[in-house]
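Using numbering that gives the first Met the number 0, the first residue of the sequence shown is number 0, and each one after it goes up by one.
Calculated directly from the structure, the hints in this document are not laboratory data. Treat the numbers as computed from the prediction; the structure is a model and nothing was measured. It cannot be assumed that every hint is accurate.
Claimed, not checked - FRET-style restraints, in silico, Cβ to Cβ:
1) ILE253 <-> LEU544: 44 to 54 Å
2) GLU198 <-> VAL414: 33 to 43 Å
3) LEU473 <-> PRO521: 49 to 59 Å
4) TYR474 <-> GLU105: 53 to 63 Å
5) LEU141 <-> PRO346: 29 to 39 Å
6) PRO521 <-> LEU243: 16 to 26 Å
7) PHE163 <-> HIS456: 32 to 42 Å
8) GLU198 <-> SER108: 22 to 32 Å
9) MET309 <-> LEU200: 17 to 27 Å
Beta carbons: idealized from backbone N, C-alpha and C, even for Gly.
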Amino acid sequence: MANTGSSAGAFLIPFMIMLILEGIPLFLIELGMGQRMRLGALGVWNTIHPWLGGIGISSCIVTLFVAIYYNVIITWCFYYFFNSFRYPLPWAVCPQLNGTDVEECERSSETAYFWYRTTLDAAPSIDETGGFKWWIVLCLMLSWTVVFFIVMKGIQSSGKVVYFTSLFPYIVLTIFFIRGITLKGAGAGLMHMYTPKVEKLLEPTVWLDAATQVFYSFGLAFGSLIAFGSYNTPKNNCVRDVLLVSVCNAITAIYASVVIFAILGYKATLGVDRCIQVNKHILVKHNLLPSMDVDQSEYEHAMAGLNETMTKDWEFEKCSLEDQLSSAAEGTGLAFIVFTEAIVELPGSPFWAVLFFTMLLSLGLGSQIGILEGMLCTIFDIDIFKRIRKPYVTGGFKRSNHFHSRVVCAFCFSVGLIFTTGAGEYWLKMFDSFAGTIGLVVVALMEMIAVIYIYGHEKFTEDIYQMTGIRPGLYWQMTWRYIGPAIMGCILLSSILSMLLRNPTYGAWNGDLGIVENKSYPNWVMGIALAMIIAGVLPMPVVFLLRRFQILKVDLDIHQGSIRRNETTASTKEMIDEDDVVSPDLPPPQSLAATRFTIGDFDTKTDDANKRGKTSPGKTTRTSTGTASYGNGSSNNATSTSAGSTTTNSATLVTTSITSTGGPRKSIMKQ
0 MANTGSSAGA
10 FLIPFMIMLI
20 LEGIPLFLIE
30 LGMGQRMRLG
40 ALGVWNTIHP
50 WLGGIGISSC
60 IVTLFVAIYY
70 NVIITWCFYY
80 FFNSFRYPLP
90 WAVCPQLNGT
100 DVEECERSSE
110 TAYFWYRTTL
120 DAAPSIDETG
130 GFKWWIVLCL
140 MLSWTVVFFI
150 VMKGIQSSGK
160 VVYFTSLFPY
170 IVLTIFFIRG
180 ITLKGAGAGL
190 MHMYTPKVEK
200 LLEPTVWLDA
210 ATQVFYSFGL
220 AFGSLIAFGS
230 YNTPKNNCVR
240 DVLLVSVCNA
250 ITAIYASVVI
260 FAILGYKATL
270 GVDRCIQVNK
280 HILVKHNLLP
290 SMDVDQSEYE
300 HAMAGLNETM
310 TKDWEFEKCS
320 LEDQLSSAAE
330 GTGLAFIVFT
340 EAIVELPGSP
350 FWAVLFFTML
360 LSLGLGSQIG
370 ILEGMLCTIF
380 DIDIFKRIRK
390 PYVTGGFKRS
400 NHFHSRVVCA
410 FCFSVGLIFT
420 TGAGEYWLKM
430 FDSFAGTIGL
440 VVVALMEMIA
450 VIYIYGHEKF
460 TEDIYQMTGI
470 RPGLYWQMTW
480 RYIGPAIMGC
490 ILLSSILSML
500 LRNPTYGAWN
510 GDLGIVENKS
520 YPNWVMGIAL
530 AMIIAGVLPM
540 PVVFLLRRFQ
550 ILKVDLDIHQ
560 GSIRRNETTA
570 STKEMIDEDD
580 VVSPDLPPPQ
590 SLAATRFTIG
600 DFDTKTDDAN
610 KRGKTSPGKT
620 TRTSTGTASY
630 GNGSSNNATS
640 TSAGSTTTNS
650 ATLVTTSITS
660 TGGPRKSIMK
670 Q
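Go ahead and model the full structure; you've got the sequences and the hints to work with.
Here it is, written out as structure tokens:
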């Protein structure tokens, strides 16, 4: 949820800078490591070094926080979508009480009243919940149900939905673009967009918002890109994919901004026209203008002749196009207040409203699918979850092997009920400001450090060359090794200092005045925010300490040869062929460490047997987590899998348990 209102002109600059210097390099790291190691988010970091296993868990926890509150935005879109079929639109007019407009609506605006009172029934502060709003609870249940059924059949099924959620918004944007640029005042809106406020660039929060927006637009630090990359063919040109997606991302950001500010310029122009009419009425009333039909120059001449006392006593309004554009709301208010107000002014407003909120639903669902895929893959790669009976954790039915868990969706829905109270929007802003920003930056920074400085930038460069035939040049080396980590470190440090020096605030609705007031978060809410930040980053040092001092047992072996996948998760079975395919391209032996990630629950018999050398050549030890076998690298070593055990013709066989993302990925191709 990036800030796009008054800081919009300045926001595009840091967004593009962060996209080039941070987003694209990290994008290739995640996609490339997933494709090279054939592992998910949990397995990649364990394979690079067991001490780094906490990165995958931290990513999962932060993603869980984001998934919980992100779906609430989809919930609000559903509510507005259903109300868009009414004519006139319910936010186009103020409701009446005893024949007169409701005072709260008159003091604010029709769209603000519908948002804060009708939709949210907003409480005065975050301390007062105001109870659950049943209409929002129902929409939240609907949104989680839709998300569940989309992801239920796994990545392949979700991918079909993504075709729609990705392409449909472009169609809607194009329709709005054609309509928007033909509206009066569109040029003024575009001029405002491309006139940056330099002073805004000095605020750390603007850069943090830009970094977070880059993470959301690419799906960085969520773990989903690593998981998706692991399903690419080993020789897939991931560099080409990264550059293509990045260019499309940048063009889309500019394209969407043009559409939005063209329509906001139209809205601002109408606001100025109404303001001038009010002032003309006052001038005519005091005999300073002959009529309301005078031209603009005569009106300006009359206004210039007023002194300060007359302006104040007669309550003239300041009719400034710049002020109208700068007063645009930010975050959720941009979509649900400002844009809806602009839609009201368009002929056939219900049609445009349905189109707009269908587009938002498509974008929201597409993002949520990616978030959940990465999170669920990581959750069920943890050994303790693999031991739970399938009917209790899977998202499907008795005949289904679906991996995605209805339990996870039910849990997210239950926690998300806090956003259906009168203080729901305030809680969402708190989650977005703390749980969904700082945690992502920390995870992204640790990912870059892990790959470039621990795995090794030379080794990763060689991996990319072996997979794509392209050797990353100066741009990649500089951003990976120096610029990217430095930028993320500075943003993280300055953001933390800014939060410590300035008391964090949120916008609370004052119904008596019809305005949004800034209030400081109470201490107990800040305690929850701090707890979420700590929960997101704590697994990294905890796993490091536990494994550094060998409190957790880690099986760390160096393997040679090819890896065969014996077991896969149900979310990926839909897209994997029945033929068991040996991955022809794997990391060099010295970089491949197969690790079992468990939480205090080990198969001690297997471990002891392996230590004593009781595993005989040509046979593997079966564990509850599945097995993977490694040959000596010869393509002639035929490997067969049956009933949970593996055999090989190799003279030497090293056996280990692999649980990271269900083991190494199968290549999606026929033998």
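Each hint, compared with the structure:
no. : hint                          : verdict
1   : ILE253 <-> LEU544: 44 to 54 Å : holds, 45 Å
2   : GLU198 <-> VAL414: 33 to 43 Å : holds, 38 Å
3   : LEU473 <-> PRO521: 49 to 59 Å : holds, 50 Å
4   : TYR474 <-> GLU105: 53 to 63 Å : holds, 56 Å
5   : LEU141 <-> PRO346: 29 to 39 Å : holds, 31 Å
6   : PRO521 <-> LEU243: 16 to 26 Å : violated, 47 Å
7   : PHE163 <-> HIS456: 32 to 42 Å : holds, 39 Å
8   : GLU198 <-> SER108: 22 to 32 Å : holds, 28 Å
9   : MET309 <-> LEU200: 17 to 27 Å : violated, 39 Å
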